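Student: In case you want the letters, here they are:
2 protein chains.
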Amino acid sequence: MNGAESLVATLVRGGVEVCFANPGTSEMHFVAALDRVPGMRCVLGLFEGVVTGAADGYARMADKPAATLLHLGPGLSNGSANIHNARRALSSMINIVGDHATYHRACDAPLTSDIEGLARPVSHWVKTSPSAKTVAQDGADAIAVARRPPGQIATLILPADTAWEEADGLGKVPEVKPPAPVSDAAIDEAARILRSGEPTVLLMTGQALRDPALFQAGRIAAACSARLVAQTSNGRWERGRGRVNPEHLPYPVDEALRSLAEVSHVILVGAKSPVAFFAYPGKPSQLISEDCQVHQLARADEDITGALTELANLLKAPPQPVIEQRTEAPGLGRGDFGVENLSRTIATLLPEQAIVVDEALTSGRMMLGLTRGSAPHDWLQICGGAIGIGMPLAAGAAVACPDRRVVGLQADGSAMYTVQGLWTQARENLNVTTVVFANRSYQCLHTELAAVRAGTPGTLALDMLNLDRPDLDWVQLAAGMGVPGMAVDDMDAFNGVFADALTHRGPFLIQVNI
Amino acid sequence: MNGAESLVATLVRGGVEVCFANPGTSEMHFVAALDRVPGMRCVLGLFEGVVTGAADGYARMADKPAATLLHLGPGLSNGSANIHNARRALSSMINIVGDHATYHRACDAPLTSDIEGLARPVSHWVKTSPSAKTVAQDGADAIAVARRPPGQIATLILPADTAWEEADGLGKVPEVKPPAPVSDAAIDEAARILRSGEPTVLLMTGQALRDPALFQAGRIAAACSARLVAQTSNGRWERGRGRVNPEHLPYPVDEALRSLAEVSHVILVGAKSPVAFFAYPGKPSQLISEDCQVHQLARADEDITGALTELANLLKAPPQPVIEQRTEAPGLGRGDFGVENLSRTIATLLPEQAIVVDEALTSGRMMLGLTRGSAPHDWLQICGGAIGIGMPLAAGAAVACPDRRVVGLQADGSAMYTVQGLWTQARENLNVTTVVFANRSYQCLHTELAAVRAGTPGTLALDMLNLDRPDLDWVQLAAGMGVPGMAVDDMDAFNGVFADALTHRGPFLIQVNI
Numbered sequence: 000m001n002g003a004e005s006l007v008a009t010l011v012r013g014g015v016e017v018c019f020a021n022p023g024t025s026e027m028h029f030v031a032a033l034d035r036v037p038g039m040r041c042v043l044g045l046f047e048g049v050v051t052g053a054a055d056g057y058a059r060m061a062d063k064p065a066a067t068l069l070h071l072g073p074g075l076s077n078g079s080a081n082i083h084n085a086r087r088a089l090s091s092m093i094n095i096v097g098d099h100a101t102y103h104r105a106c107d108a109p110l111t112s113d114i115e116g117l118a119r120p121v122s123h124w125v126k127t128s129p130s131a132k133t134v135a136q137d138g139a140d141a142i143a144v145a146r147r148p149p150g151q152i153a154t155l156i157l158p159a160d161t162a163w164e165e166a167d168g169l170g171k172v173p174e175v176k177p178p179a180p181v182s183d184a185a186i187d188e189a190a191r192i193l194r195s196g197e198p199t200v201l202l203m204t205g206q207a208l209r210d211p212a213l214f215q216a217g218r219i220a221a222a223c224s225a226r227l228v229a230q231t232s233n234g235r236w237e238r239g240r241g242r243v244n245p246e247h248l249p250y251p252v253d254e255a256l257r258s259l260a261e262v263s264h265v266i267l268v269g270a271k272s273p274v275a276f277f278a279y280p281g282k283p284s285q286l287i288s289e290d291c292q293v294h295q296l297a298r299a300d301e302d303i304t305g306a307l308t309e310l311a312n313l314l315k316a317p318p319q320p321v322i323e324q325r326t327e328a329p330g331l332g333r334g335d336f337g338v339e340n341l342s343r344t345i346a347t348l349l350p351e352q353a354i355v356v357d358e359a360l361t362s363g364r365m366m367l368g369l370t371r372g373s374a375p376h377d378w379l380q381i382c383g384g385a386i387g388i389g390m391p392l393a394a395g396a397a398v399a400c401p402d403r404r405v406v407g408l409q410a411d412g413s414a415m416y417t418v419q420g421l422w423t424q425a426r427e428n429l430n431v432t433t434v435v436f437a438n439r440s441y442q443c444l445h446t447e448l449a450a451v452r453a454g455t456p457g458t459l460a461l462d463m464l465n466l467d468r469p470d471l472d473w474v475q476l477a478a479g480m481g482v483p484g485m486a487v488d489d490m491d492a493f494n495g496v497f498a499d500a501l502t503h504r505g506p507f508l509i510q511v512n513i
Numbered sequence: 000m001n002g003a004e005s006l007v008a009t010l011v012r013g014g015v016e017v018c019f020a021n022p023g024t025s026e027m028h029f030v031a032a033l034d035r036v037p038g039m040r041c042v043l044g045l046f047e048g049v050v051t052g053a054a055d056g057y058a059r060m061a062d063k064p065a066a067t068l069l070h071l072g073p074g075l076s077n078g079s080a081n082i083h084n085a086r087r088a089l090s091s092m093i094n095i096v097g098d099h100a101t102y103h104r105a106c107d108a109p110l111t112s113d114i115e116g117l118a119r120p121v122s123h124w125v126k127t128s129p130s131a132k133t134v135a136q137d138g139a140d141a142i143a144v145a146r147r148p149p150g151q152i153a154t155l156i157l158p159a160d161t162a163w164e165e166a167d168g169l170g171k172v173p174e175v176k177p178p179a180p181v182s183d184a185a186i187d188e189a190a191r192i193l194r195s196g197e198p199t200v201l202l203m204t205g206q207a208l209r210d211p212a213l214f215q216a217g218r219i220a221a222a223c224s225a226r227l228v229a230q231t232s233n234g235r236w237e238r239g240r241g242r243v244n245p246e247h248l249p250y251p252v253d254e255a256l257r258s259l260a261e262v263s264h265v266i267l268v269g270a271k272s273p274v275a276f277f278a279y280p281g282k283p284s285q286l287i288s289e290d291c292q293v294h295q296l297a298r299a300d301e302d303i304t305g306a307l308t309e310l311a312n313l314l315k316a317p318p319q320p321v322i323e324q325r326t327e328a329p330g331l332g333r334g335d336f337g338v339e340n341l342s343r344t345i346a347t348l349l350p351e352q353a354i355v356v357d358e359a360l361t362s363g364r365m366m367l368g369l370t371r372g373s374a375p376h377d378w379l380q381i382c383g384g385a386i387g388i389g390m391p392l393a394a395g396a397a398v399a400c401p402d403r404r405v406v407g408l409q410a411d412g413s414a415m416y417t418v419q420g421l422w423t424q425a426r427e428n429l430n431v432t433t434v435v436f437a438n439r440s441y442q443c444l445h446t447e448l449a450a451v452r453a454g455t456p457g458t459l460a461l462d463m464l465n466l467d468r469p470d471l472d473w474v475q476l477a478a479g480m481g482v483p484g485m486a487v488d489d490m491d492a493f494n495g496v497f498a499d500a501l502t503h504r505g506p507f508l509i510q511v512n513i
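Chains as they are written, first to last, in numbering that gives the first Met the number 0: chain A, 0 to 513; chain B, 0 to 513.
The hints are simulated quantities; they were obtained by calculation from the structure and are not laboratory data. Errors might be hidden in some of the hints.
Treat identical chains as interchangeable: a pair holds within one or across any two.
[To be verified] Lysine to aspartate or glutamate pairs mimicking DMTMM-like chemistry, simulated, CA-CA at most 25 Å apart: (1) Lys282 / Asp107; (2) Lys126 / Asp113; (3) Lys271 / Asp107; (4) Lys126 / Glu115; (5) Lys63 / Glu351; (6) Lys132 / Glu165; (7) Lys271 / Asp462; (8) Lys176 / Asp210; (9) Lys132 / Glu164; (10) Lys271 / Asp187; (11) Lys132 / Asp491; (12) Lys271 / Asp113.
Nothing here was measured: the structure is a model prediction, and the numbers come from that model.
Put together the whole structure using the sequences plus the hints.
Tutor: This is the structure:
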């Protein structure tokens with residue numbers, strides 16, 4: 000058994016069953032080991048941003064890490080933006096980055112670079128395995144780090160000779176530890192605030208947005224006047240009909256400020272104190288008013304559901320939350336071909352247990368409101384602001400949940416970043432229905448340009464914001480990667496094509512020319 | 000004048016005339032400044048790997064840096080692989096990376112990351128500008144660093160408030176310093192070796208592969224028995240009919256070892272002592288034999304042409320080099336539709352002053368030999384081994400040289416990495432003719448898998464090397480981004496289509512199904 004085989008076997012024993020990969024020469028022994036060690040599904044991405052974005056999508060839905068297989072420093076760099084997003088989504092990931100053989104590094108061959116240096120800013124743990132004897136245990140340690148609540152990024156650098164030399168058996172796979180309980184003091188303080196009757200928000204993310212925690216938060220809301228608010232960006236949010244559906248803290252800073260203006264207390268439930276996504280001249284970075292007090296019920300790595308349950312019981316909350324009785328979706332959009340009507344149709348037709356991957360940015364902002372009454376679904380957002388996550392995230396979610404429909408809501412500018420994700424969707428025949436909102440611009444930047452008060456944009460500036468010369472033809476792009484698609488220009492067509500696409504086996508892309 | 004305007008004006012004053020950009024919110028003031036400060040051409044890329052690869056291509060052909068405009072840590076990461084390639088190509092580049100406003104960084108907003116940490120492994124110089132007053136001088140310093148011979152990577156991080164606050168005038172733009180002369184001792188030593196008559200190689204890269212230096216190296220070769228050998232990968236190599244055409248050190252390690260086996264002395268002319276690209280079990284990392292001595296005539300940052308001239312004179316070399324009298328290209332390929340015949344046609348039809356961007360990898364290995372007699376041309380290679388450079392590099396070279404034809408020789412696997420480069424070629428209507436060698440696999444990895452002795456690949460391993468499920472349709476991909484194209488399956492068709500494409504205004508893509 001060589002080092003690569005000992006590593007693959009350790010990963011499989013540790014419950015890592017999927018590897019998203021874009022390998023090169025230095026990873027060839029790892030690749031060869033896949034056929035010798037049973038139990039690992041390997042999914043190829045034609046660009047590393049697809050690989051890491053898919054691993055994130057998988058982890059969000061499987062609640063455990065996938066491995067990625069990346070080729071030296073540049074391979075890691077190419078995947079780095081979506082590792083950043085995964086870190087912000089509190090996702091779990093194990094990156095295996097091949098490197099030159101240990102003795103070859105000093106040669107400074109063309110592909111040599113400071114891989115550890117590149118890895119550190121996006122990883123909770125980085126290690127270069129020194130020998131084939133240590134690779135397996137290093138892999139086991141990486142699993143332990145990655146599975147530490149709420150989910151962490153572990154990056155293991157694998158010099159080629161540590162893969163091909165003789166190993167020393169498997170690594171000792173750690174037990175998965177449950178999240179630590181919250182202190183009584185934190186629960187008591189939250190109870191005191193909530194009993195005070197002062198305007199209070201429970202700001203929630205992570206496990207707080209899963210059904211069991213939402214249920215308890217709903218009991219709390221039923222016992223007092225507190226508002227339940229989900230953070231602006233969340234890794235995974237269980238929503239829809241029959242569930243407790245918190246409000247959503249809006250992205251635009253003025254709206255967010257208005258939403259929190261009258262709040263005296265923010266109780267953090269997995270979240271951090273809310274800040275603006277960007278700074279804007281003359282606007283605050285903090286989204287709460289100066290006299291608002293911030294309290295922490297539970298950190299993201301603590302037992303959020305347990306804390307909410309204890310808090311609800313302490314407040315003598317009713318056994319059931321008040322569930323919004325909105326049993327109907329808004330109905331199909333008719334008439335004007337625009338974001339609002341498209342959102343209505345999507346909200347109405349969203350299938351039971353759909354997984355919505357939301358990288359629609361400006362086009363998606365009214366979607367959250369309209370889908371509160373949709374069939375129960377999961378909503379996955381871009382959490383680190385690094386656009387180019389949607390198509391890979393959708394692929395990874397579909398690998399984790401082959402029996403559920405994935406619906407990708409995709410801005411066109413963002414989709415171009417990791418367009419190669421469509422090929423992986425086709426190769427794995429994943430049930431992903433993608434709607435590309437083709438507004439032919441970085442629409443958000445038009446808004447942002449005004450928000451940062453950069454003045455009226457001139458011709459050159461507008462050229463940097465518009466994608467309309469030439470127009471992107473998404474149906475041809477998708478077809479080029481084996482994904483069928485259709486472009487639509489009116490609501491009647493969209494209503495029909497979207498309904499059909501939701502039952503299509505394998506990926507399908509709809510370009511909406513808004 | 001705000002910080003952004005002071006920076007753009009300083010860049011323009013310092014001869015930086017092109018900015019390849021993919022901006023976001025934090026770069027909006029820089030973008031707005033483009034319309035207020037004349038003299039900067041701004042070229043949009045739909046992914047940062049396009050932006051940095053194009054800046055590299057521009058620098059190689061313009062012999063001066065372009066700026067890039069990137070959006071925080073993830074934007075830099077996305078461009079990092081091609082910055083790595085540029086660094087290995089001895090290219091010059093000024094990266095402007097927007098960051099959050101200085102006071103906003105402590106908020107740890109979603110896009111916050113350690114940008115300096117991400118920048119250091121790929122940059123010679125990294126600085127975060129502390130205020131709007133310093134931005135202009137920091138920009139001037141970045142120019143100085145980037146233009147230091149042979150070309151360096153300068154990364155300037157621009158917090159948003161340093162762009163929008165009031166500036167203090169322009170930065171003092173440095174004079175461009177010529178490369179330092181080589182010591183007499185180095186020239187004397189080289190002369191001594193060459194006079195000894197022992198088997199000697201001049202290993203050349205950088206400025207050594209430009210016409211004036213080649214001319215002098217050719218004089219030296221005419222005066223003694225030394226072989227002229229170009230390094231395996233070179234940023235820019237002036238070649239073809241009427242020029243001194245060195246041999247090429249092959250990529251495959253066994254071939255390289257054979258090429259250098261009988262050599263007693265290697266004299267480095269801008270190059271480093273030759274090493275294998277990867278390590279392979281049982282094979283050496285160093286490509287020279289143990290008793291071969293390595294001497295340095297000139298470092299990459301020294302006056303290579305001057306050193307070769309002095310050396311030639313010291314050796315009393317004839318005033319003219321011996322120029323290989325191969326006035327004809329090999330003739331159009333006929334018959335079998337494969338790499339050899341395609342290479343013949345390309346070598347034969349290559350137009351005068353063409354710029355060849357070579358990311359053909361396995362498909363391109365016989366191209367260098369066949370083009371020795373082609374019309375004079377420049378050959379640009381991938382120097383850092385980070386695939387995904389070709390289409391961006393071609394775009395940047397075409398921006399630098401609008402009157403010359405760019406011919407992209409492109410492997411399909413590599414092309415997918417930065418396929419968005421086609422859109423920039425279309426938008427700027429660049430005269431780029433791309434030939435995609437569609438072998439539907441990471442063909443090089445099949446070879447590498449054997450070379451690293453990873454055993455016979457099984458089904459899963461082969462799946463990671465083959466791109467044939469589904470096949471990529473390059474004509475549709477190109478059309479989706481506004482680039483016309485055609486797929487060909489026989490030599491007659493290719494001979495006609497390639498000839499036509501070379502006179503086509505704007506980009507054109509030919510998919511060859513080999």
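Student: Work down the list of hints and note, for each, if the structure agrees.
Tutor: So, going through the hints one by one against the coordinates:
Taking identical chains as interchangeable, the C-alpha atoms of Lys282 and Asp107 lie at most 25 Å apart only when they sit on different chains, with a minimum of 17 Å there against 48 Å within one chain. Taking the closest pair of Cα atoms, Lys126 and Asp113 come within 25 Å of each other both inside a single copy (12 Å) and across two copies (19 Å). In the homo-oligomer, the alpha carbons of Lys271 and Asp107 lie at most 25 Å apart only across protomers (10 Å), although the nearest pairing inside one protomer, at 43 Å, exceeds that limit. Taking the shortest alpha-carbon separations for Lys126 and Glu115, both the intra-copy value of 7 Å and the inter-copy value of 20 Å come in at or below 25 Å.
When the C-alpha separation of Lys63 and Glu351 is checked against a cutoff of 25 Å, the pair qualifies only within one copy, where the shortest distance is 23 Å, while the shortest distance between copies is 58 Å. Taking identical chains as interchangeable, the C-alpha atoms of Lys132 and Glu165 lie at most 25 Å apart only when both belong to the same chain, with a minimum of 7 Å there against 59 Å between chains. Taking the closest pair of Cα atoms, Lys271 and Asp462 never come within 25 Å of each other, the shortest separation being 37 Å inside a single copy and 43 Å across copies. Proximity of Lys176 and Asp210 under a CA criterion of 25 Å is satisfied intra-copy only: 21 Å inside one chain copy versus 65 Å between copies.
Proximity of Lys132 and Glu164 under a CA criterion of 25 Å is satisfied intra-copy only: 8 Å inside one chain copy versus 56 Å between copies. In the homo-oligomer, the alpha carbons of Lys271 and Asp187 lie at most 25 Å apart inside one protomer (19 Å), although the nearest pairing across protomers, at 67 Å, exceeds that limit. Proximity of Lys132 and Asp491 under a CA criterion of 25 Å is satisfied in neither setting, with 63 Å inside one chain copy and 56 Å between copies. For a Cα distance limit of 25 Å, the shortest separation of Lys271 from Asp113 across copies, 19 Å, qualifies, whereas the shortest one inside one copy, 32 Å, does not.
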